[in-house]
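With these hints in hand, go ahead and build the complete structure from the sequences.
The listed protein sequences correspond, in order, to chains A and B. Heads up, the first sequence is in numbering that gives the first Met the number 0, so the first residue is 0 and it goes up one at a time. Heads up, the second sequence is in numbering that gives the first Met the number 0, so the first residue is 0 and it goes up one at a time.
Keep in mind the hints are simulated off the structure, nothing from the lab. One should not assume that every hint holds.
The list cannot tell twin chains apart, which means a pair is met if one copy fits it or any two copies do.
[Stated by the list, open to error] With a straight-line cut-off of 16 Å between C-alpha atoms, the simulated EDC-like cross-links for lysine to aspartate or glutamate are:
(1) 23 <-> 190
(2) 23 <-> 231
(3) 23 <-> 217
(4) 317 <-> 30
(5) 23 <-> 4
(6) 23 <-> 5
(7) 23 <-> 57
There are 2 protein chains.
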Amino acid sequence: MSGEDDLIARLFAPIAGPGALGLKDDAAILEPSPLHDMVLTVDALVAGVHFFPDDPPELIARKALRVNLSDLAAKGATPRGFLLTFAMPASLSDDWLTAFAAGLAQDAAAYALPLLGGDTVRMPGPLTLSVTAFGEVPRGRMVQRTTAQADDLLFVTGDIGRAAIGLQCRLKPEDGWVQGLDDTQRAALHDGYLLPQPRNALMHVVRAQARAGMDVSDGLIGDVAKMMRASDVAGRIRLDHVPFSPAVAAAIGLAPHLRETAVTGGDDYELLLAVPPERADVLRHGAAAVGVAVTQIGDVLDPQPGMPELLVTDGQGKAYEFAIRSFSHL
Amino acid sequence: MSGEDDLIARLFAPIAGPGALGLKDDAAILEPSPLHDMVLTVDALVAGVHFFPDDPPELIARKALRVNLSDLAAKGATPRGFLLTFAMPASLSDDWLTAFAAGLAQDAAAYALPLLGGDTVRMPGPLTLSVTAFGEVPRGRMVQRTTAQADDLLFVTGDIGRAAIGLQCRLKPEDGWVQGLDDTQRAALHDGYLLPQPRNALMHVVRAQARAGMDVSDGLIGDVAKMMRASDVAGRIRLDHVPFSPAVAAAIGLAPHLRETAVTGGDDYELLLAVPPERADVLRHGAAAVGVAVTQIGDVLDPQPGMPELLVTDGQGKAYEFAIRSFSHL
Chain A
0 MSGEDDLIAR
10 LFAPIAGPGA
20 LGLKDDAAIL
30 EPSPLHDMVL
40 TVDALVAGVH
50 FFPDDPPELI
60 ARKALRVNLS
70 DLAAKGATPR
80 GFLLTFAMPA
90 SLSDDWLTAF
100 AAGLAQDAAA
110 YALPLLGGDT
120 VRMPGPLTLS
130 VTAFGEVPRG
140 RMVQRTTAQA
150 DDLLFVTGDI
160 GRAAIGLQCR
170 LKPEDGWVQG
180 LDDTQRAALH
190 DGYLLPQPRN
200 ALMHVVRAQA
210 RAGMDVSDGL
220 IGDVAKMMRA
230 SDVAGRIRLD
240 HVPFSPAVAA
250 AIGLAPHLRE
260 TAVTGGDDYE
270 LLLAVPPERA
280 DVLRHGAAAV
290 GVAVTQIGDV
300 LDPQPGMPEL
310 LVTDGQGKAY
320 EFAIRSFSHL
Chain B
0 MSGEDDLIAR
10 LFAPIAGPGA
20 LGLKDDAAIL
30 EPSPLHDMVL
40 TVDALVAGVH
50 FFPDDPPELI
60 ARKALRVNLS
70 DLAAKGATPR
80 GFLLTFAMPA
90 SLSDDWLTAF
100 AAGLAQDAAA
110 YALPLLGGDT
120 VRMPGPLTLS
130 VTAFGEVPRG
140 RMVQRTTAQA
150 DDLLFVTGDI
160 GRAAIGLQCR
170 LKPEDGWVQG
180 LDDTQRAALH
190 DGYLLPQPRN
200 ALMHVVRAQA
210 RAGMDVSDGL
220 IGDVAKMMRA
230 SDVAGRIRLD
240 HVPFSPAVAA
250 AIGLAPHLRE
260 TAVTGGDDYE
270 LLLAVPPERA
280 DVLRHGAAAV
290 GVAVTQIGDV
300 LDPQPGMPEL
310 LVTDGQGKAY
320 EFAIRSFSHL
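Below, the structure written as structure tokens:
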């Protein structure tokens, strides 16, 4: 075992749960709760694709956990633990690894998601992380993507577009609209890209009230279309009802084309929920009780011949034409 | 969704089990058997590190599954399914992907390990696979690495060194000893590196008879030392009892230094089992019944002050001195 492997073992051991067997075995043990299903999800993050190689290591670690936590939240699943694949270029310093482990420890504790095991390998390429997260739900109760029904209302949690516009801020800091924002707004957008806010606080409400759910990771509009397609229904979104944070609203005020970036850009890690109308108030009250904002952005329709699978309208009910052609022809 | 993603979805769908929800959800469902523990393991493989980029794609896929299946076998766990992270350089052709999926399908079926889900991402670097495999054991019955006891006998399955010597064959085809082998022998060594033979047929016997178990992936000698250290015991290995295939024996006959390569080289994916002496015959008969060879290679000792954690002796009982210094000072 090299010194680096020793360091990783020492850094990761405190994050490990009891089933991890001190990270000294080939496998971990997870004791499922009686009459529950395991919920399994995996997401990979590659330096230069999903984060910048020079992002703070603790935030890279936390983002890797949070994109998986967000999937568990969307399924109404209680977190149980995670496995980490850590494919590591030779260039990472001991300080970098120490900070990475600290970030992992922080969110593993915050979300009650202990490390169960993993694999560390050398990577003659960019740092690549793969997190497999395990959750559980009472048997048969996982909230699926394919189960939205006509007349359900469509809700999103939190607000949309911070990550996508934060990324644009970062890529084009000289753009006029970036210059037009104040420091607080720029910081809010920057943080929105670096560190998603998964909505695990809402998991019990999701499980009890949502008919269908998924997390918004590839852009709100595209992800609504995915849920509609998977559920064999059609959807209708009111673009003027999509919730934006003050910083996103300010950016859109300065550069109106960013509204489209916000709703198609991705990396939101908010939840998209299809909720029967009679449960909408319970959802609203339950979400308020756990401190998560929810906003109705549209509804689910019976698909009709010739009707697009997703109709996006502005405040006057007029169909919105996206500049990105693919979104005009969902 | 790009054409490539479409192709992957189409290729992978037939490998998916019912809990995979048609690979259309953010997460998969796994229904644990009542009164069982889940056994979780993950292994990453990077092109240029764990396989050659130009290896046949179907064998890369099968190796990725098999290194994980081997961990499940060592734990006495029944396979239940897997998740795949597929970090893909742009250079992979449709033919490559089709062959990869065919290899995955073949072993998923052969080992009853259905695909439950995964994540496909772009990789500006080498092809990187991460497989998380799920198995199960009756509650509390996972065979661990840390539980070997003094007087246990040490067994390995199959034979040792094919992969390590196969790799040498491939790296140094002009070496005299490679030239001295016949085609059948060279092919056997080559295949030994490309495609491990996981011992999942032995899982019930392992679960019932082994006191401790792990798979041999980092070299036999080093892995025995790991088990001894993890179990707070000492070990004794008879080097002349280590089983070699005819091709490995022929290579060692031509180049005696390869004996050391064989027992320290790794990538064997055989099982190392610590078995109480009174269960040794049951293990032998059980293994014979499922067609897996097992060989006693040593035993477990009480650790004594000044005694090495692992004593390796030759046929005359004399301590063997490894040319690789680290192995002389285990």
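Each hint tested on the structure:
1. With identical chains, the CA atoms of residue 23 and residue 190 are never at most 16 Å apart, being 36 Å at best within one copy and 30 Å at best between copies.
2. Proximity of residue 23 and residue 231 under a CA criterion of 16 Å is satisfied inter-copy only: 13 Å between copies versus 47 Å inside one chain copy.
3. In the homo-oligomer, the alpha carbons of residue 23 and residue 217 lie at most 16 Å apart only across protomers (14 Å), although the nearest pairing inside one protomer, at 37 Å, exceeds that limit.
4. With identical chains, the CA atoms of residue 317 and residue 30 are never at most 16 Å apart, being 53 Å at best within one copy and 46 Å at best between copies.
5. In this assembly of identical chains, residue 23 and residue 4 lie within 16 Å of each other by CA distance solely inside one copy; the values are 12 Å within and 37 Å between copies.
6. For a Cα distance limit of 16 Å, the shortest separation of residue 23 from residue 5 inside one copy, 12 Å, qualifies, whereas the shortest one across copies, 39 Å, does not.
7. For a Cα distance limit of 16 Å, the shortest separation of residue 23 from residue 57 qualifies neither inside one copy, at 24 Å, nor across copies, at 31 Å.
The earlier numbered hints that this structure contradicts are 1, 4 and 7.
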